[in-house]
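> Here is how the chains run, residue by residue.
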Amino acid sequence: MFRVFWTVLKRDLTLAMRRRTDVLTTLFFFVIVVSLFPLGVGTERKVLATLGPGVVWVAALLASMLALERLFAADYEDGTLEQMLLTAQPLSLLVLAKVAAHWLLTGLPLVLIAPLVGMQYHLSDAAIGVMMLSLLLGTPVLSLIGAIGAALTLGLRGGGILLSLLILPLYIPILVYGSGAVQVSDIAIADTQPYVALLGAFLMVAAIFAPVASSAALRISLE
Amino acid sequence: MFRVFWTVLKRDLTLAMRRRTDVLTTLFFFVIVVSLFPLGVGTERKVLATLGPGVVWVAALLASMLALERLFAADYEDGTLEQMLLTAQPLSLLVLAKVAAHWLLTGLPLVLIAPLVGMQYHLSDAAIGVMMLSLLLGTPVLSLIGAIGAALTLGLRGGGILLSLLILPLYIPILVYGSGAVQVSDIAIADTQPYVALLGAFLMVAAIFAPVASSAALRISLE
Amino acid sequence: MALNWFKFASPASFYPIAGRLVPVFWVLTLALLAVGLYWGFFQTADQLGGSNPQKEYYRIIFIHVPTAWMSMWLYMILVGWAAIGLVFNTRLSFMMANAVAPTGAIFTFLALWTGAFWGRPSWGTYWDWDPRLTSELALFFLYIGYIALHSAIDDTRRADRASALLAIVGLIMVPVIFWSINCPDPNQCAALHQRSNLMRIEGNILFSMLIMTLAFWMYSFATTFMRLRSIILTREAESAWVQDILTKEARA
Amino acid sequence: MSEFFSQGGFAFFVWGAYGMVAALLVIEILQLRAQRRTLLARLGRLSRMRDTGATE
Amino acid sequence: MLEVQGLECRRGDRRLFSDLSFALDGGTLLHVRGRNGTGKTTLLRSLCGLFTPESGDIRWRGESIRALGDDYRRELLYFGHLNGIKGELTGIENLSIAATLDGDRISEDAIWEALAQIGLRGFEDLPTRMLSQGQKKRVALARLVLSGARLWVLDEPFTALDVDAVALLQRLIAEHVERGGLAVLTTHQEVPLTSGQVERLDLGA
Amino acid sequence: MLEVQGLECRRGDRRLFSDLSFALDGGTLLHVRGRNGTGKTTLLRSLCGLFTPESGDIRWRGESIRALGDDYRRELLYFGHLNGIKGELTGIENLSIAATLDGDRISEDAIWEALAQIGLRGFEDLPTRMLSQGQKKRVALARLVLSGARLWVLDEPFTALDVDAVALLQRLIAEHVERGGLAVLTTHQEVPLTSGQVERLDLGA
Ligand code: HEM
Ligand SMILES: Nc1ncnc2c1ncn2[C@@H]1O[C@H](COP(=O)(O)OP(=O)(O)OP(=O)(O)O)[C@@H](O)[C@H]1O
Ligand SMILES: Nc1ncnc2c1ncn2[C@@H]1O[C@H](COP(=O)(O)OP(=O)(O)OP(=O)(O)O)[C@@H](O)[C@H]1O
Ligand SMILES: [Mg+2]
Ligand SMILES: [Mg+2]
Chain A
1 MFRVFWTVLK RDLTLAMRRR TDVLTTLFFF VIVVSLFPLG VGTERKVLAT
51 LGPGVVWVAA LLASMLALER LFAADYEDGT LEQMLLTAQP LSLLVLAKVA
101 AHWLLTGLPL VLIAPLVGMQ YHLSDAAIGV MMLSLLLGTP VLSLIGAIGA
151 ALTLGLRGGG ILLSLLILPL YIPILVYGSG AVQVSDIAIA DTQPYVALLG
201 AFLMVAAIFA PVASSAALRI SLE
Chain B
1 MFRVFWTVLK RDLTLAMRRR TDVLTTLFFF VIVVSLFPLG VGTERKVLAT
51 LGPGVVWVAA LLASMLALER LFAADYEDGT LEQMLLTAQP LSLLVLAKVA
101 AHWLLTGLPL VLIAPLVGMQ YHLSDAAIGV MMLSLLLGTP VLSLIGAIGA
151 ALTLGLRGGG ILLSLLILPL YIPILVYGSG AVQVSDIAIA DTQPYVALLG
201 AFLMVAAIFA PVASSAALRI SLE
Chain C
1 MALNWFKFAS PASFYPIAGR LVPVFWVLTL ALLAVGLYWG FFQTADQLGG
51 SNPQKEYYRI IFIHVPTAWM SMWLYMILVG WAAIGLVFNT RLSFMMANAV
101 APTGAIFTFL ALWTGAFWGR PSWGTYWDWD PRLTSELALF FLYIGYIALH
151 SAIDDTRRAD RASALLAIVG LIMVPVIFWS INCPDPNQCA ALHQRSNLMR
201 IEGNILFSML IMTLAFWMYS FATTFMRLRS IILTREAESA WVQDILTKEA
251 RA
Chain D
1 MSEFFSQGGF AFFVWGAYGM VAALLVIEIL QLRAQRRTLL ARLGRLSRMR
51 DTGATE
Chain E
1 MLEVQGLECR RGDRRLFSDL SFALDGGTLL HVRGRNGTGK TTLLRSLCGL
51 FTPESGDIRW RGESIRALGD DYRRELLYFG HLNGIKGELT GIENLSIAAT
101 LDGDRISEDA IWEALAQIGL RGFEDLPTRM LSQGQKKRVA LARLVLSGAR
151 LWVLDEPFTA LDVDAVALLQ RLIAEHVERG GLAVLTTHQE VPLTSGQVER
201 LDLGA
Chain F
1 MLEVQGLECR RGDRRLFSDL SFALDGGTLL HVRGRNGTGK TTLLRSLCGL
51 FTPESGDIRW RGESIRALGD DYRRELLYFG HLNGIKGELT GIENLSIAAT
101 LDGDRISEDA IWEALAQIGL RGFEDLPTRM LSQGQKKRVA LARLVLSGAR
151 LWVLDEPFTA LDVDAVALLQ RLIAEHVERG GLAVLTTHQE VPLTSGQVER
201 LDLGA
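Protein chains in written order, with this note's numbering: chain A, 1 to 223; chain B, 1 to 223; chain C, 1 to 252; chain D, 1 to 56; chain E, 1 to 205; chain F, 1 to 205.
There could be a bad hint or two in this list.
What the hints assert, rightly or not - Quick list of in silico lysine-lysine cross-link-like pairs, DSS-like style, CA-CA up to 27 Å: (1) B:Lys10 - A:Lys46; (2) F:Lys136 - A:Lys10; (3) E:Lys136 - B:Lys10.
As the list claims (entries may be wrong) - Residues of chain E clear of chain B, computed beta-carbon distances all greater than 10 Å: (4) Ser21; (5) Asp25; (6) Gly34; (7) Glu63; (8) Ser64; (9) Ala67; (10) Ile85; (11) Thr159; (12) Ala174; (13) Glu199; (14) Gly204.
Calculated from the structure, these hints are not laboratory results. This structure is a prediction, so every number in the text was calculated from the model and none was measured. We treat Cβ as the ideally placed atom computed from N, Cα and C, and that holds for glycine.
Okay, chain A solo, but in the shape it has when bound (with noise of 0.2 Å):
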């Protein structure tokens, strides 16, 4: 079993190496997006430092978003994912690696940039790590939760807009937790833990639940 998710993983990392620009779009995105902020709110040092925290979480959405957009559809079109649903194993595994190998792809990297984007908003060291750190819970459900949409706006014309409308609501809890954590983190470092048990709880659920979800979404795109 652990055979499988590892080769599926290993396969998904190999085919992004071969074809850089797909990982680089993402993050990119992500840095032009936070960048527009400042231009368009003003770029008064006090006024960035409170809005830092929501800043990058919105934008970390709207590109993990528009990434999944990609999650599936390349298997889709080759016909990969269809011998993926004929085989013997269970799907939501399959899923699961995907997901993983997605999140190593596009949401490590937010994670792994944090820290300069904070500086753009003049973040304290402290808030950078609990960004960083609410970011590494955080990311990875809005993959989780992004794949179910993105398996059910598989093949659809229109899809990015629509996986978004689809999508976007059900981010708003991480949303509210992860730039949270981040604007309590300047106030007393001690109470961000709640911000970030509540993350972690939420990480658990969606790993567990997500790919059962996703993969019965993919069996009904897949018709």
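We have chain A already, so just place chains B, C, D, E and F with the ligands on it with the hints.
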């Protein structure tokens, strides 16, 4: 010449009316993105009022960009775009008509819903007025510039996020002046005039050059 | 005469020329780097007084300004080749544009990075939404956009032309972006940033800065030509002269 | 010597900047060389394959 | 009337054909043949100016088609792999928009007439997405009836058509050639062409 | 072994076929025929459990395939319109991933061997997007050589293959049927099938 413009415009509006969801999705995306921010940033009246203009403008940028993905896509897929390239009409006129239709369907609704959104952010009435005016002048520029990117990325995989990577940086000037106008309007109304004049000038320049660039891009993409 | 020029501009004849030039550029790069770094670190004062006092960290100038310059010059070169390619439909110019882009993107990133590392001790912040900084960031995005668009299109010819057009549009937009950030409030546009002035810089510093700029130029030539050779090989793979080269390489 | 490396207490900034420049430039060079090597290997194989294919 | 000189086309990094030359006068039909992937579609698209050849000249009435621009396109009708009709619009709407864009002023009656002639009586005002594959293709072919173009460029026009429609299309082409028109076409299936002067061009032989 | 009872399939609002019943034992080949759009692909996908029929039963060894789930899929090999191989991966990588997912432990040597047998010697470690259309199809067909599945479901397997490959594939199918396997296939072109017991099913007649 005006007859051709009108034919294409009417055609695109008819098409949109016969499959209505495409229009509504953009609007809803805009509303959702705008509504997400207070969740990420906190709901203090004063913070929201400073944020408002910037957020609305960034959301308009994102919404317009996502909708642009579909600007030429349908015509490309069924071959009508190819036929347009082969008519004895100047291609940039046809592009201008298509962009106009696109703006009527996706930009104008944003302008009309702006008061609702402004209320969410506790903007003053004067500010809301200026916001509508700036959106009215600014969103067509977004559509015009975005058309170039849409033409360049026609038919590519991962089109949506790639398009944003190409186009968002070019949107910066509109964002700066659009949101700038609204911010200034809270201080003294008379001051917004230069902003509006600048946006108007951008619109003129874009209306002249963007269709030419887009049609060059279309010819390249359709080879 | 014009005919001669086009013959010279064919990939087949440029490939060996580039191959012979690359080592020359490497030698020049190393020599200039050695001089520039030596001069910059040992022939200049540790601290600068004056209206804008600077401690040792000002030595970042020897890489910051050259990288910032290179980022802009290389973009103009890129657009130049792209435009020539679009107008005259010459394959080599598109290849040139392609070969320049990654080096330009690297220099742009380095300008941002070195600027940030200078800003922290000097302004007390790594980043600020200063017009120059922001438009340098926009330039970086344009480079990335160029590269991303090119690699997203499988058909090389379409990729060449599409990304060339994008680069040209970008070139028009960069000044507008710079100006709009520099002057976000049209009511008070007079408050323009004062442009730094080369004349005010002390001689030794100016000297090593210019030497470093030259070194980066040489470096850009070297890497661009190396990349160009790879691109030529990939694209001309089926032509006879490439096959000759391959058999020669195989024997060696 | 250590005085030179400390750069008046600004070692982190000065060497951080120079270090990144050095690192990226070296990486670019290495990447270019690796690219050329794999390219030659691939093209060589392709052309040999075409040769054998023609004789088949 | 249509002259091609020293044409070379590339797709990706591969040269499809080079040094291709021919000249066609009015009243001629050129049948382009070749295996899959030899560049037939690419050649036809170059003739329309949709694809820029690597080198070589394409002239219409002695002038380069690049230079002619809109004047050339007014005399041209291209019919490609895609039908170029919108599924959401009816046959009538599709054809009247196409006519307006081509710069022809065609009455609605003429369009009804053309659709009837092509065998779509009763389907005129259904959205075309409700039509079968062959009927969709017929809507697109009705443009041949309506158009006054001198040069027809047809890329595999016979696919998805049933026997009646094939015969009808052959008749249309024959009449066009008889009227002194020019037609360039590709087909994979051997279709007997009945009229005028027929030239053959084999690619990738 | 494979039993179908009272099967009815719909696509959109249209009933494709209804009350379709047949039973196949080991060592049988079922050739499904019919015009375009009569529901051949739909039937084959229903047999694989990819499409849920409107009503009716599909049983394997007496049990419903829904209930069997993974146990049924272990014995099944489906080969559809799409090749199901990744252009970015080499033939070797594609096949070894497919084998792992099928739960087979196949040595790399066996894969090299299979690719050689199917006529791809020398192309084993090229990204498959660099292969021609027919060669891509061959990579996918190498799965037939490697797989131990009992039931093969093949949707138009002969398209894009040249004469040699067609013969090879016919031999593979014949051997599979001789070994007591079951095969269900559709093809438009009439291909003579050489071995075992052949049944024919005509849809939409
Ligand atoms: C991330 C931060 C920074 C970026 C992106 C950046 C970008 C640039 C660019 C694009 C130039 C070339 C401008 C031109 O030639 O017109 C430049 C030049 C220069 N920068 Fe920076 N810079 C940054 C930070 C700094 C800091 C902190 C300082 C000094 C305190 C500085 C001092 C200079 C100087 C002295 C020049 C040369 C001026 C000239 O010749 O025009 N920069 N920088
Ligand atoms: N967009 C493209 N990008 C890169 N290569 C292409 C593209 N379109 C076609 N090709 C390649 O160009 C060659 C010629 O294609 P073309 O469509 O002209 O062939 P054709 O003769 O019309 O074939 P068919 O009989 O299948 O229609 C093919 O080998 C194909 O792989
Ligand atoms: N995704 C779909 N949604 C709605 N209808 C569909 C869909 N796919 C196919 N159909 C319709 O179902 C019918 C049967 O399709 P199917 O693919 O099974 O035909 P087929 O017999 O395999 O045809 P072919 O010989 O062309 O492969 C067709 O009329 C088609 O229009
Ligand atoms: Mg063709
Ligand atoms: Mg079928």
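> Take the hints in turn and mark each one as holding or not.
Each hint, compared with the structure:
For the proposed pair lysine 10 of chain B and lysine 46 of chain A, the alpha carbon gap of about 49 Å is over 27 Å, so the pair is violated. Taken as a hint, the lysine 136 of chain F and lysine 10 of chain A pair is honoured in the structure, with Cα atoms around 22 Å apart against an allowance of 27 Å. Among the hinted pairs, lysine 136 of chain E with lysine 10 of chain B is consistent with the structure: their alpha-carbon atoms are about 22 Å apart, no more than 27 Å. In this structure serine 21 of chain E is separated from chain B by more than 10 Å, as the shortest Cβ-Cβ distance comes to about 22 Å.
Aspartate 25 of chain E, annotated as away from the interface, keeps every beta carbon of chain B farther than 10 Å; the closest lies near 23 Å. At the 10 Å boundary, the C-beta of glycine 34 of chain E stays outside the reach of chain B, the nearest C-beta of that chain being 20 Å off. The non-interface label for glutamate 63 of chain E is consistent with chain B: the shortest C-beta to C-beta separation is roughly 16 Å, beyond 10 Å. A cut-off of 10 Å between C-beta atoms confirms that serine 64 of chain E is not in contact with chain B; the least separation is 16 Å.
Distance check on alanine 67 of chain E: its Cβ is at least 15 Å (rounded) from any Cβ of chain B, clearing the 10 Å threshold; non-interface status holds. Look at isoleucine 85 of chain E: its CB is around 7 Å from the nearest CB on chain B, not clear of 10 Å, so calling it non-interface is violated. No beta-carbon of chain B is positioned within 10 Å of the beta-carbon of threonine 159 of chain E; the least distance is around 14 Å. Under the 10 Å C-beta cut-off, the non-interface status given to alanine 174 of chain E relative to chain B holds; the minimum distance is some 24 Å.
With a least CB separation of 23 Å from chain B, glutamate 199 of chain E remains clear of the 10 Å interface cut-off, as annotated. The non-interface label for glycine 204 of chain E is consistent with chain B: the shortest C-beta to C-beta separation is roughly 20 Å, beyond 10 Å.
Checked against the numbered hints above, the structure breaks hints 1, 10 and satisfies the rest.
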